[in-house]
Amino acid sequence: MAALDRIDRVILEALQNNARLSNKELAAKVGLAPSSCLARVKRLETDGVIRSYRAELDPRPLGLGLQALIGVQLRLHVGEHFGSIGDHLRSLPETVAVYCLGGTTDFLVHVVCRDTEHLRVLTIQSFTSRPEVSRIETSLVFSFARSGLPVDRGA
Numbered sequence: 390m391a392a393l394d395r396i397d398r399v400i401l402e403a404l405q406n407n408a409r410l411s412n413k414e415l416a417a418k419v420g421l422a423p424s425s426c427l428a429r430v431k432r433l434e435t436d437g438v439i440r441s442y443r444a445e446l447d448p449r450p451l452g453l454g455l456q457a458l459i460g461v462q463l464r465l466h467v468g469e470h471f472g473s474i475g476d477h478l479r480s481l482p483e484t485v486a487v488y489c490l491g492g493t494t495d496f497l498v499h500v501v502c503r504d505t506e507h508l509r510v511l512t513i514q515s516f517t518s519r520p521e522v523s524r525i526e527t528s529l530v531f532s533f534a535r536s537g538l539p540v541d542r543g544a
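Its first residue numbered 390, the sequence shown is counted upward by one per residue in this note's numbering.
Treat the hints loosely; a few may be bogus.
[Claimed, not checked] What follows is a set of in silico ranges between Cβ atoms, one per label pair, in the way DEER data are often shown:
#: 1; residue 1: Asp394; residue 2: Gly472; range: 16 to 22 Å
#: 2; residue 1: Phe531; residue 2: Glu445; range: 15 to 21 Å
#: 3; residue 1: Leu538; residue 2: Gly472; range: 25 to 31 Å
#: 4; residue 1: Pro423; residue 2: Thr527; range: 25 to 31 Å
Source of the hints: derived by calculation from the structure; they are not laboratory data.
Treat the numbers as computed from the prediction; the structure is a model and nothing was measured.
Cβ atoms here follow ideal geometry from the backbone N, Cα and C, with glycine treated the same way.
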């Protein structure tokens, strides 16, 4: 993977803010010819710096008006438990994100649910019923704002 220069970082920042920019718009924004800009974007994709492009959805129109963070503590800290529960948590349709942590909480899971009953059933059926799980702690999310990664243009 080639080192990122200032122009790469400007491209990344622009796409992170609006991934729907056309190549022509992006090239104008970063001061490159469209062909040079496209070549850089393709390289950033090939190198895995740009992993994907996706739409950010509002969960409410989808009937998912409740968000929660569920902290999961495992009974034993052995490799197979981390793998099996991690795979299980990522496979749940309600899962937005799964973080494997160090500290007293082993996993933090961001979920979306229809309502409190849906959340209650989810925590019982998909979390506390698992033999690897010692305890969970659920916190309701009142607001959520996603921000992009910091891109240091000066580097």
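Consistency of the hints with the structure:
In this structure the hint that Asp394 and Gly472 lie 16 to 22 Å apart at CB is violated, the actual value being about 38 Å. Checked against the hint of 15 to 21 Å, the pair Phe531 and Glu445 passes, with Cβ atoms roughly 19 Å apart. Between Leu538 and Gly472 the CB atoms are about 27 Å apart, so this pair conforms to the stated range of 25 to 31 Å. For the pair Pro423 and Thr527, the beta carbons lie near 49 Å from each other, so the given range of 25 to 31 Å is not met.
Going down the numbered hints, you'll see the structure goes against 1, 4, while the others check out.
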